[in-house]
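A.B. asks: From first to last, the protein sequence lines are chains A and B.
At position 60 of the first sequence the residue is numbered 60 (this note's numbering), and the sequence of numbers has no breaks.
At position 104 of the second sequence the residue is numbered 104 (this note's numbering), and the sequence of numbers has no breaks.
Simulated from the structure, these hints should not be mistaken for laboratory data.
Please note: incorrect hints may appear among the correct ones.
Said to hold, decoys possible - 25 Å max Cα-Cα, derived PhoX-like pairs, lysine-lysine:
1. 209/B to 169/B
2. 437/B to 137/B
3. 247/B to 209/B
4. 137/B to 169/B
5. 150/A to 172/B
6. 209/B to 150/A
Stated by the list, open to error - Quick list of the computed label-pair ranges, beta carbon to beta carbon:
7. 174/A to 44/B: 36 to 42 Å
8. 210/B to 96/A: 15 to 21 Å
9. 174/A to 210/B: 27 to 33 Å
10. 429/B to 43/A: 28 to 34 Å
11. 157/A to 297/B: 35 to 41 Å
12. 42/A to 433/B: 34 to 40 Å
13. 331/A to 66/B: 36 to 42 Å
Where is the CB? At the ideal position from N, CA and C, for every residue including glycine.
What follows is each chain in one-letter form.
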Amino acid sequence: MLYRITGQFKTNYRSDYALFPVRQDMFLLAVILFFAWVVFPLMASEFAFQTLLIPVLIYALAALGLNILTGYAGQLSLGTGAFMGVGAYACYKLVTIFPDLNLMLAIGFSGLFSAAIGLAFGLPSLRIKGFYLAIATLAAQFFLVWLFEKWSWLYNYNASGAIQVPTIDMFGITVAGPTASSMVQYYFVLFIVSVITLLAINITRGRIGRMWKAVRDMDIAAELVGINLLRAKLIAFGVSSYIVGVSGALFVFLWRGAAEPNLFDIPLSFRILFIAIIGGLGSILGNFLGAILIIALPVILNIIPEAFGVEVDSSLLEHINIMIIGALIIAVLIIEPHGLARIWAVIREKLIIWPFPH
Amino acid sequence: MKYRVKTALLGAALGLGTILAVPLASAQESIYAPNLSYRTGPFAATGIPLMNGQRDYIMMLNERDGGVNGVKIDFDECETGYSTEKGVECYEKTKSKAVVTQPWSTGITLQVLPKTNVDKIPILAPGYGFSPMSDGKVFQWAFNPPASYWDGASMMLNHISGGDLDSLKGKKVALLHLDHPFGKEPIPLFETLAAKHGFEFLPIPVGLKEMQNQSSQWLQVRREKPDYVLMWGWGAMNAGAITEAIKTRYPMDQFIGIWWSGHDGDLQAVGEKGKGYKSISWSVPMNDAPVMADVKKYVVDAGKSLLDKPEDMDTVFYQRGLLISMILVEGIRSAQNEFDTKVVTAEQLRWGLENLKIDDARIAELGMTGMIAPFSTSCADHTGHSGAWMLEWDGTKFVTASDMLTADQSVIKPLEAAKAAEYATANAPWPVNEDCKM
């Protein structure tokens with residue numbers, strides 16, 4: 001009833017190629033965007049901005065970057081955290097060397113550094129696959145974090161070895177640093193995430209995306225039909241690392257405010273891989289759903305008892321929280337191994353034919 | 001049947017209503033002091049005794065005196081698991097009504113420090129955090145009483161040199177440290193002193209992943225044969241270092257840790273073999289102090305403590321936890337007296353922490369004679385730079401092994417000022433306390 005698509009005829013190629021050929025999808029997206037751009041910022045408290053809205057967007061962006069490489073092009077990577085670090089350190093150096101540089105540009109440039117390093121570590125992907133490639137990216141992970149620790153030029157010889165975000169203005173508004181308002185930071189992040197997501201949707205459904213999917217599904221077949229494997233894989237590494245690098249710069253500059261090298265260590269990589277897997281590999285929507293489950297849900301679970309006035313010991317709550325999230329992850333993967341995005345797709349299919357099952 | 005369901009629902013609603021209403025009613029006349037605790041995660045073993053001590057001291061005051069000057073302290077823990085991300089979540093969650101932030105990790109301190117100028121909540125980081133935080137004119141909202149890491153480093157050197165640093169000339173002093181902001185903290189001071197007094201300084205970093213397996217670091221110790229090994233370790237690193245030192249037969253009496261490396265649990269594991277290991281400490285365990293009797297009577301024996309067994313009270317970390325809460329409470333008390341109010345605000349507490357006067361008489365009144373050295377803070381000095389003692393492991397427990405040591409402020413002060421200024425310029429525009437004329 002609600003999702004009936006009968007009667008929506010496509011009479012020209014343009015409407016058949018549209019991003020959202022189904023009117024209801026477009027409507028739903030409009031509602032979500034309306035909430036993201038208008039309702040949430042109006043209602044959110046400082047706490048909601050800092051622990052729910054901003055981190056979910058940034059983690060979703062990082063997962064999106066990984067998803068392009070792993071979900072679309074089929075190249076497993078365990079170095080996401082380190083590539084985020086490259087973006088963050090590059091942005092830090094750019095901002096401290098050129099203090100007048102527009103932060104939006106600095107973040108855009110810092111993705112290029114991450115893309116370059118991603119390309120370098122992507123080169124072995126032509127010769128090795130699967131677990132072997134995962135080991136190569138793991139090497140990147142360990143090497144880069146070691147570099148962040150040892151190369152003091154990267155953190156401007158700071159005694160504590162950490163980087164701290166200075167106060168940065170853009171067009172007279174403070175966007176980064178301790179005095180920046182959460183709402184400005186949220187819009188900044190939301191803008192970048194929206195633009196990159198739109199680009200990613202278009203890349204993945206176009207020629208390059210089809211190339212990636214062909215390589216993912218069977219690379220020998222892809223080669224036989226004339227796809228240049230080296231190019232396809234390297235483009236995937238480049239695009240993926242670029243997005244991951246941008247998310248790393250956002251991670252430190254628009255959210256954390258400070259970072260030490262071990263922040264970018266392997267737990268961060270795994271966290272993003274979990275988001276991508278639970279959200280659904282090979283899907284754009286999945287990254288956002290996964291980030292909501294992994295990042296936002298624990299925070300919400302933590303405040304529920306207090307909201308109801310129940311006194312629960314904080315460490316006990318933390319343990320319960322870990323158990324609930326763990327159980328949920330396993331449950332999701334049992335119910336639908338292809339992740340949350342697939343669950344939504346199934347629901348949507350059901351809605352389309354509802355109330356007549358046949 | 002329907003009627004009964006309705007009654008049950010009504011009852012449930014009423015019950016829920018009371019539960020919701022109770023915390024609101026009691027929140028009126030209390031001071032909310034949260035602690036960003038870590039009873040879970042990789043550092044839990046060292047965190048739990050400290051958190052227990054902090055909690056039990058406040059519980060004891062609430063039970064014995066009904067709080068501070070008649071106002072109960074609403075002590076609350078927010079679990080971070082030592083993770084920076086959770087720490088920031090806790091900070092955001094508590095900051096609307098908290099009078100203080102107790103961040104408990106250098107990572108969280110780093111993140112929260114710039115925000116305090118905006119949110120106007122004091123950070124209390126007793127014995128940890130940035131050493132330059134001592135410069136109260138620059139770090140208006142941060143406090144690290146009673147002694148900073150640089151004080152600790154200076155006192156260690158004073159102890160091994162017998163008070164005359166020139167006697168270390170030509171000797172080799174190694175610093176086994178966690179490769180993390182916390183572990184790197186004393187390096188600038190050691191470098192300055194090494195250059196001034198002509199001893200060789202050798203930093204040996206231990207990566208976060210190598211904490212449990214330090215064989216390569218101790219191989220380096222064996223090769224370089226330093227005259228002293230000083231340690232800035234935390235969590236699993238301490239136990240790892242002590243076992244490796246025993247394995248490589250490094251003389252224990254030349255091995256000295258900072259106060260966070262003096263955890264009873266780490267040494268109980270090696271027992272007799274760890275004999276002679278020392279740790280500098282601004283707190284001394286006094287199992288028969290009057291305050292301990294009160295905590296035992298009102299909290300532990302009343303079953304309100306989270307301690308596993310009452311004997312755990314007799315440890316260095318538990319009693320240090322008590323002292324940490326004492327510093328907070330004394331800050332609250334002095335703010336109450338100054339502003340003639342009962343429920344102090346965060347800004348008033350800042351004044352209180354800036355005007356701590358913990359002299360011998362006050363320590364005696366608190367029933368803590370001998371547990372802590374006297375110190376006082378001011379708007380320019382947010383540390384107090386108290387003295388400290390060497391604690392020595394005698395095979396079963398830590399005992400005091402020296403007279404009270406003091407740090408060489410003539411070296412520390414200029415370094416503090418320089419590093420604080422460096423921080424302020426790197427984070428410009430950084431507001432500085434212009435009113436402070438000291």
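A.B. asks: Now, for every hint given, state plainly whether the structure supports it.
C.D. replies: Do the hints match the structure? See the list:
Straight-line distance between C-alpha atoms of residue 209/B and residue 169/B comes to about 34 Å, which puts the hinted pair past the 25 Å bound. For the hint pairing residue 437/B with residue 137/B, the CA-to-CA distance comes to about 9 Å; that is within 25 Å, so the pair holds. With a C-alpha separation of about 20 Å, the suggested pair residue 247/B and residue 209/B falls inside the 25 Å cut-off, and the hint holds. Distance restraint check for residue 137/B and residue 169/B: the Cα-Cα separation of roughly 36 Å exceeds the 25 Å cut-off, and the hinted pair is therefore not satisfied.
Distance restraint check for residue 150/A and residue 172/B: the Cα-Cα separation of roughly 23 Å lies within the 25 Å cut-off, and the hinted pair is therefore satisfied. Note on residue 209/B and residue 150/A: the hinted pairing holds, with a Cα-Cα distance of about 15 Å set against a maximum of 25 Å. Between residue 174/A and residue 44/B the beta carbons are some 38 Å apart, a value that agrees with the proposed interval 36 to 42 Å. With their beta carbons about 30 Å apart, residue 210/B and residue 96/A fall outside the hinted range of 15 to 21 Å.
Distance hint check: the CB atoms of residue 174/A and residue 210/B are about 40 Å apart, inconsistent with the given range 27 to 33 Å. Under the hint 28 to 34 Å, the C-beta atoms of residue 429/B and residue 43/A, about 31 Å apart, fit the expected range. Residue 157/A and residue 297/B have their C-beta atoms about 53 Å apart, which leaves the hinted 35 to 41 Å range violated. The given range of 34 to 40 Å is respected by residue 42/A and residue 433/B, whose C-beta atoms sit roughly 36 Å from each other.
Between residue 331/A and residue 66/B the C-beta distance comes to about 48 Å, which lies outside the given range of 36 to 42 Å.
Hints 1, 4, 8, 9, 11 and 13 from the earlier list are contradicted by this structure; the remaining hints agree with it.
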